[in-house]
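**Q** The sequence shown begins at 1 in my numbering and counts up one residue at a time.
Since the hints were derived computationally from the structure, they do not count as laboratory data.
Here a beta-carbon is modelled for each residue, glycine too, at the ideal position from N, C-alpha and C.
Wrong hints could be hidden among the right ones.
Distance ranges between label pairs, derived from CB positions [stated by the list, open to error]:
id : residue 1 : residue 2 : range
1  : N203      : L89       : 20 to 28 Å
2  : G20       : Q159      : 38 to 46 Å
3  : Q154      : M90       : 46 to 54 Å
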Amino acid sequence: MAYKVRVQSNDESVLQDVNGIPDACPACGKGISPLFCYQHGVDTWRAYDGFLQIVFRCPRKECQRLFIAVYGTEKAFAGTNLILRRTLLMDFMEFEKFPESVTSISSQFEAIYNQSKIAEDNGLHLIAGPGYRKALEFLVKDYLIRTDPEHEDQIKKEQLGTAIKRITEKRIEACASRAAWLGNDETHYVRKWEDKDLQDLKNLIKMVVDWIDHIERSDGYEQAMPSPEIPAD
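Go ahead and model the full structure; you've got the sequences and the hints to work with.
**A** Below is the structure:
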């Protein structure tokens, strides 16, 4: 279905055909009929890769994010239909901050996690999942290397599931196992956990982070404040 929009170019107002509007929100990934907010035309017909930008808003109450639809022409002259090239999120990058007790164990975890978040925030949901799984693997293996340095070489070479079985703290092992299951779903053709999504994967990873943080801080206090020796009766 074609739509018409009025654009300004070379001091001339022209009614242009566009081949459609976005039917999915790049922020939440849901199918939508977006709400029009504002449009801006580039003042030259030569800029045919980004001749027109339209700001839309996601109508879903859970999202409400703004994004830009970029239109271009097939040829560099007036009268050519405008084609939707891409959609861009109107967002500043907000990076996830993790406790120092965790980043001191695995600085790569935070870097990989935030690169995956950037992909997700820009609507690249299909590649964000494998990235989060990779972040989990770095966190788990770096944690194990810290707690069991004698087996560092083996830990580095092991499959993630095998490495997770080495974790002695049951809460961490339980959350990490389930995060790995969902992470594997993000890389496989057929999903096993169809009722779970990317948010569940992130929730489980953050629970792993929280448990590691609690244990590390607890150990720190125990070392700094050793129990006084109680004299024998």
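**Q** Each hint: holds or not?
**A** So, going through the hints one by one against the coordinates:
| no. | hint | result |
| --- | --- | --- |
| 1 | N203 to L89: 20 to 28 Å | 22 Å, holds |
| 2 | G20 to Q159: 38 to 46 Å | 45 Å, holds |
| 3 | Q154 to M90: 46 to 54 Å | 47 Å, holds |
Violated hints: none; the structure is consistent with every hint.
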